[in-house]
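**Q** Listed in order, the protein sequences are those of chains L and Z.
For the first sequence, this note's numbering gives the first residue as 25, with consecutive numbering after it.
For the second sequence, this note's numbering gives the first residue as 3, with consecutive numbering after it.
Just so you know, the hints here were simulated from the structure itself, not pulled from any lab data.
Built from N, CA and C at the ideal position, the CB exists for glycine as well.
Incorrect hints may appear among the rest.
Short, incomplete list of chain L residues facing chain Z, as computed with Cβ under 10 Å [as the list claims (entries may be wrong)]:
| no. | residue |
| --- | --- |
| 1 | Tyr67 |
| 2 | Trp75 |
| 3 | Pro84 |
| 4 | Ala95 |
| 5 | Trp153 |
DEER-style ranges, computed between Cβ atoms [as the list claims (entries may be wrong)]:
| no. | chain 1 | residue 1 | chain 2 | residue 2 | range |
| --- | --- | --- | --- | --- | --- |
| 6 | L | Gln37 | Z | Arg19 | 39 to 49 Å |
| 7 | Z | Ser30 | L | Pro97 | 50 to 60 Å |
| 8 | Z | Phe128 | L | Asp130 | 42 to 52 Å |
| 9 | Z | Ser30 | L | Trp139 | 38 to 48 Å |
| 10 | Z | Lys75 | L | Asn52 | 38 to 48 Å |
| 11 | L | Lys160 | Z | Met81 | 21 to 31 Å |
| 12 | Z | Pro21 | L | Leu44 | 45 to 55 Å |
| 13 | L | Gly92 | Z | Ala31 | 47 to 57 Å |
Some chain Z residues judged to face chain L by a derived CB distance under 7 Å, without partners named [what the hints assert, rightly or not]:
| no. | residue |
| --- | --- |
| 14 | Gly45 |
| 15 | Ala49 |
| 16 | Val52 |
| 17 | Ala60 |
| 18 | Arg61 |
| 19 | Thr63 |
| 20 | His67 |
| 21 | Val70 |
| 22 | Lys71 |
| 23 | Met94 |
| 24 | Met98 |
| 25 | Val126 |
| 26 | Ala129 |
| 27 | Cys130 |
| 28 | Ala133 |
| 29 | Ile137 |
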Amino acid sequence: MASAETHASKRKQRPLSPHLQIYSPLINMVMSILHRITGAALYVGTLLLAWWLIAAATGPAYFNFVSGLFASPVGLLVLFGYTWALLHHMIGGLRHFVWDTGRGFDLGTIDTLSWGTIIISLVLSVAIWAWGLMAKGII
Amino acid sequence: MSTTLRPTPSPTEAHIRTPLAKARGLGSAHSGTEHFWHQRVTGVANAILVIVVLVQVARLTGADHATVKAALKSPLLSMPLLLLILSGMVHMRLGMQTIIEDYASSEGAKVVALMLNTFFVILVGFACVYAVAKISFGA
Ligand code: HEM
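Could you put together the complete structure from these sequences and hints?
**A** And the structure:
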């Protein structure tokens, strides 16, 4: 008993290696975790694609119902978020392919690629939605 | 003691590895770089297919059921979409496997999560394929 307690308190006193929240966020850290978060979001979001396709295969009434949900403010926000996650993850993936060739590892290039990924993914997300809404004459 | 004890031979010693094992060049993990490589191959395929599919789906913003069905009947959309679903299934399963292996707190939780990962991917993937096939073949 006593020795177990001593053991436990000794364990507590051990220094811990600093965890994520100790460091101030750097753009390359943020991009690393964003690639994982967007990957996981895309994974779960495949349910939306399946739902949409099944609705289309089911019939007009059910399709209109699902389409209406997707066109609601929350629905549009989710779909825009999915578009951005897809484009961000895609461009982030292209960045990985550059690194796979052994290139682009100096800090300046990493920062440029990171900010470039964020900006281009946002611009493309807005552009593709604007294009889609224009096709329908909504804007 | 009449027998002389030899030290246990190291598995890397030539005489204990079969020629096949040597040719494969794998250790006790029984796998090499396939995970990494398949993630890359499917990543490249995803990037190409996402562009082809996204451009067409964006034009379906707010479209009615008949228009969406007609678009999904066209092989111009259904072919790349089916390929994306296939490539995406392999890619998302490998990706989620990495995430699970990084965070699973115990061996049991890991095995269960890896199994659920496979089930989820196959369920969602086949639901998508079924819906596209149903529309393509005449629903
Ligand atoms: C659009 C084109 C895509 C490209 C170019 C791409 C590329 C990549 C690459 C290169 C990785 C590995 C990153 C690493 O080694 O750290 C990765 C990871 C991953 N991808 Fe994709 N991907 C794409 C689409 C998708 C889609 C559609 C999904 C899900 C449905 C997805 C889910 C994942 C997941 C879950 C991971 C694991 C993330 C991690 O380990 O942190 N990806 N992707």
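**Q** Provide an ascending list of the numbers of those earlier hints which the structure does not satisfy.
**A** none
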